[in-house]
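Enquirer: What follows is the residue order along each chain.
Number of protein chains: 8
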Amino acid sequence: MLNVYLSGEIHTDWRERIVEGASGLDVAFTGPVTDHAASDDCGVAIMGAEESKFWHDRKGAQLNAIRTRKGIADADIVVVRFGDQYKQWNAAFDAGYAAALGKSLVVLHGPDHAHALKEVDAAALAVVEQPEQVVAILRYVLSGELPG
Amino acid sequence: MLNVYLSGEIHTDWRERIVEGASGLDVAFTGPVTDHAASDDCGVAIMGAEESKFWHDRKGAQLNAIRTRKGIADADIVVVRFGDQYKQWNAAFDAGYAAALGKSLVVLHGPDHAHALKEVDAAALAVVEQPEQVVAILRYVLSGELPG
Amino acid sequence: MLNVYLSGEIHTDWRERIVEGASGLDVAFTGPVTDHAASDDCGVAIMGAEESKFWHDRKGAQLNAIRTRKGIADADIVVVRFGDQYKQWNAAFDAGYAAALGKSLVVLHGPDHAHALKEVDAAALAVVEQPEQVVAILRYVLSGELPG
Amino acid sequence: MLNVYLSGEIHTDWRERIVEGASGLDVAFTGPVTDHAASDDCGVAIMGAEESKFWHDRKGAQLNAIRTRKGIADADIVVVRFGDQYKQWNAAFDAGYAAALGKSLVVLHGPDHAHALKEVDAAALAVVEQPEQVVAILRYVLSGELPG
Amino acid sequence: MLNVYLSGEIHTDWRERIVEGASGLDVAFTGPVTDHAASDDCGVAIMGAEESKFWHDRKGAQLNAIRTRKGIADADIVVVRFGDQYKQWNAAFDAGYAAALGKSLVVLHGPDHAHALKEVDAAALAVVEQPEQVVAILRYVLSGELPG
Amino acid sequence: MLNVYLSGEIHTDWRERIVEGASGLDVAFTGPVTDHAASDDCGVAIMGAEESKFWHDRKGAQLNAIRTRKGIADADIVVVRFGDQYKQWNAAFDAGYAAALGKSLVVLHGPDHAHALKEVDAAALAVVEQPEQVVAILRYVLSGELPG
Amino acid sequence: MLNVYLSGEIHTDWRERIVEGASGLDVAFTGPVTDHAASDDCGVAIMGAEESKFWHDRKGAQLNAIRTRKGIADADIVVVRFGDQYKQWNAAFDAGYAAALGKSLVVLHGPDHAHALKEVDAAALAVVEQPEQVVAILRYVLSGELPG
Amino acid sequence: MLNVYLSGEIHTDWRERIVEGASGLDVAFTGPVTDHAASDDCGVAIMGAEESKFWHDRKGAQLNAIRTRKGIADADIVVVRFGDQYKQWNAAFDAGYAAALGKSLVVLHGPDHAHALKEVDAAALAVVEQPEQVVAILRYVLSGELPG
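Line order of the protein sequences matches chains A, B, C, D, E, F, G and H.
First residue of the first sequence? That's 1 in the numbering used here, and the numbers climb one at a time after it.
First residue of the second sequence? That's 149 in the numbering used here, and the numbers climb one at a time after it.
First residue of the third sequence? That's 297 in the numbering used here, and the numbers climb one at a time after it.
First residue of the fourth sequence? That's 445 in the numbering used here, and the numbers climb one at a time after it.
First residue of the fifth sequence? That's 593 in the numbering used here, and the numbers climb one at a time after it.
First residue of the sixth sequence? That's 741 in the numbering used here, and the numbers climb one at a time after it.
First residue of the seventh sequence? That's 889 in the numbering used here, and the numbers climb one at a time after it.
First residue of the eighth sequence? That's 1037 in the numbering used here, and the numbers climb one at a time after it.
Some hints here could point you the wrong way.
To be verified - A partial selection of chain A residues facing chain B, derived with a Cβ cut-off under 8 Å:
hint: 1; residue: R17
hint: 2; residue: Y97
hint: 3; residue: V120
To be clear, the hints were calculated from the coordinates, so they are not data collected in a lab.
Note that beta-carbon positions come from the ideal geometry of N, C-alpha and C, so glycine has one too.
Only chain A is shown next, with the shape it has when bound in the complex (with noise of 0.2 Å):
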């Protein structure tokens, strides 16, 4: 069985497609909170309103964690995806992270951000653009087939 922890941008459903393309495989899934609203507030929800941004950002920020810091502790493979908008920059942190800690790291992005990632893409042991090609590494690693 391989646990596969999926990271990074939350506005296209390219999770969605890598769940529905490994359906039959033996993955178990996990990722971040992908609700945005939900992501940003959770911290003040729970525990109480801050004034300033910054410790409204904290208490968040460490909710979080104690999610993705379990799922990528968990995980054999931890896909980190970069979409095409936005700083993304806790994506390449948790790419940093799953790499000191060893996990086998696949990077899904577009061809215009390969030079910026490349020290990103250097420490991954597969760099995709495609969703699917997710789909066809985990399929490969579990059994030896290629696709078509």
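Add chains B, C, D, E, F, G and H to chain A, keeping to what the hints say.
Expert: Structure of chains B, C, D, E, F, G and H alone, referenced to chain A:
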């Protein structure tokens, strides 16, 4: 003695300001190669040209990783600077890498980046805006002396 | 599934409130023996009486350590509760122990103790005042659902 | 050479008595910042004021953690002193942190605290009442010489 | 659930007394091969005869190490029994091995061996004389129940 | 239960002989993809063609590493088979990788290779010539039963 | 430079023969306190008398552990000597402790003990009978020079 | 300062070319004993003759392991050279060992071996053909200077 690794932005003089400010303190600084061209081309310069930009970058990034991994592994404190420009995913990657190794993380960035960096800041023991604050931190950690 | 260790105060019903509140969630709870007399006397009851109170206590504390160390080592999250009374140094010890192992730490205490517990809180990913907030954290970490 | 970290109480001269007593021994001592005011306010002094006392304390406690974690990580022996006053939860936290890292723990406290500290004592390799006994321990560990 | 490794003496029924006494408890027991002849000769029986007794023993001891290392590595608690006869250096070796891995160590021996075993006992969380006391420890660790 | 990783030669039926021989034993076997063509071409088949044979190979080898690293990391025992032909450097690499992780290593090769493999054999707990001997080892480790 | 810990027998001059034989080599030796009386009584001499011999021994053994654990942790090579007399369980305990930490183990004993020490020998990288052979090993490891 | 371990082929002057080329750089080199005869016979020369070639080799290989394991464990960078001849399984073993410890791996071989070494190369941060390229890598890692 403190070993301090200075990661991130290479286009302003923040490293110089820290190193000069800390002169007289018992600190040894390390960091990546900050000559942009050398850092980009080191791989092919030493190991031979590549037709594909992707592998050109890979060779360079992996060679640079020999230096950066040692620097971070040997560090007591990893300072990560996010400047105003560029994606700087390697900086966030280093922050995640350092966090997973249990290093003391200090993050240096302007207030505009605070929300986008909230996961990185949440893993840090200090978040500051100016290099001189990093110097003050190093002085305090070593001697207990506060500014002013 | 989350493994959660509940450390600290044994004189109020905070554990029960968390366990009941979390019924239906995929959580397994562990914790120390909370029968005060058994916990104090277990060592001599099983391994023979001691004349000296110091060694009486030692035998019991080391026997209890078999249980608490396993509980903390197996936990994803360690919740440490500081009540209104007593020194509760074992609670702070558990917090330090959990922090050094990289466990996600949640600290539960009233506002009066905030300053005295600042080092413990600073190692935590969440600080709350009510057991129901711990339940809300567990629910959010597992499902992304927020209260209300 | 022995690296010894002196954790805990900051209101009596126990550290001085150990350091002086050990003069001539091959020991390097480290410890937290013991200037109470500096230790409490270092965070806001360097990183900017906070309206909330909770975050004022957080900033300071995390900054101090840079020093204390390095001190404990580098130590062969961690001595933790519990004085007669205050909650001293940070001392117990340090003891737990040191124990989880496998450091040799020496606990220093009066007989009145013995029962309340039984879990901390049970993790220690030595429990003593006087700073001079710590000196005797360091001398014996280094040279095999006993007092008297 | 507790994983318990039973190391040491193979000439009395102490393992049976523990396993039977613990029936009904959530414990899984492992241990070395206790058939003396098989344990001595397993190496040559499977891998071919040796002229030299030294290598005959080596082959067997290394084969047995496959089993004992896994047993100890997977254990929460390692119980080491020293009987009245023989050198039993493998028992003391297992105790040291378990201690270095941070396992909870329980040592079982008669009072006559107390002084000779003081270093081993000093690494243990419990020292007892009878197998039934080991059962009582396991019951207490799992349920908090004391005998009688 | 034993997790056993079968590394090395892919041109004879040694894996089948072990798996069949061990039927009925509580063993789970893993290993690399043994379809030579799939193993060589998996990288480009999933991630796109490469002009250079070197990078063609790199893509495949890193993809295969996702499977092999998990297999070795999860294993209790790593069996490495050296056949009569080819360089088989990946087999020796796996042996070194497993040794550094503290896995129990079993090496399987004919007598002709003994001198060239002396460093690999010296890191092993067992060295055998026939797959049936591996089966006998697994049976003995699990049950204490010897052949014949 | 090699750090070498010399564990075990304290009644013959084997340590002196090694240290003298290795004069001129780049080796730093450590070891336990070898004054039998001091080693037995150090605990009570520094920390106060005990009525019970068991706790008298415990205090001493734990104090000695501060020294021995540091010595073994800092060592590249741990040499364990088994003499002709006594149980020497602490020597076997040190051997197991060193083995679990991955130290290079050298065992020194006469041929009469070979069978009883087979598990200890099987964890060693060298087994010798004379202190001069240990010196020859150290010289070879440092310089590649062989005797004669 | 960089610690560099030079593993592999012992029949050409590649080590000398690296050491000479790196004169003036802040590098400390270690490596195995490269006197073939001494390396083969060291075990029996010090520990006594063996009738069986297998155990003759075992004694030597384990003695050499004391040196090689320390060299690799202390290294920042492990360079592994594969020459044109022989099986060189010990070189591949060292590469796997170094990779599992997270060392920066540099592999040095001619183009003919590229396919057979693809798994080893895939674990490396640099793959080169000439010793002078290793020197250029060390210079760049230390100073950021590129050749020419």
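Enquirer: All hints, please: hold or fail.
Expert: Results of checking the hints against the structure:
1. R17: violated (23 Å)
2. Y97: holds (4 Å)
3. V120: holds (5 Å)
Of the hints listed earlier, the one the structure fails to meet is number 1.
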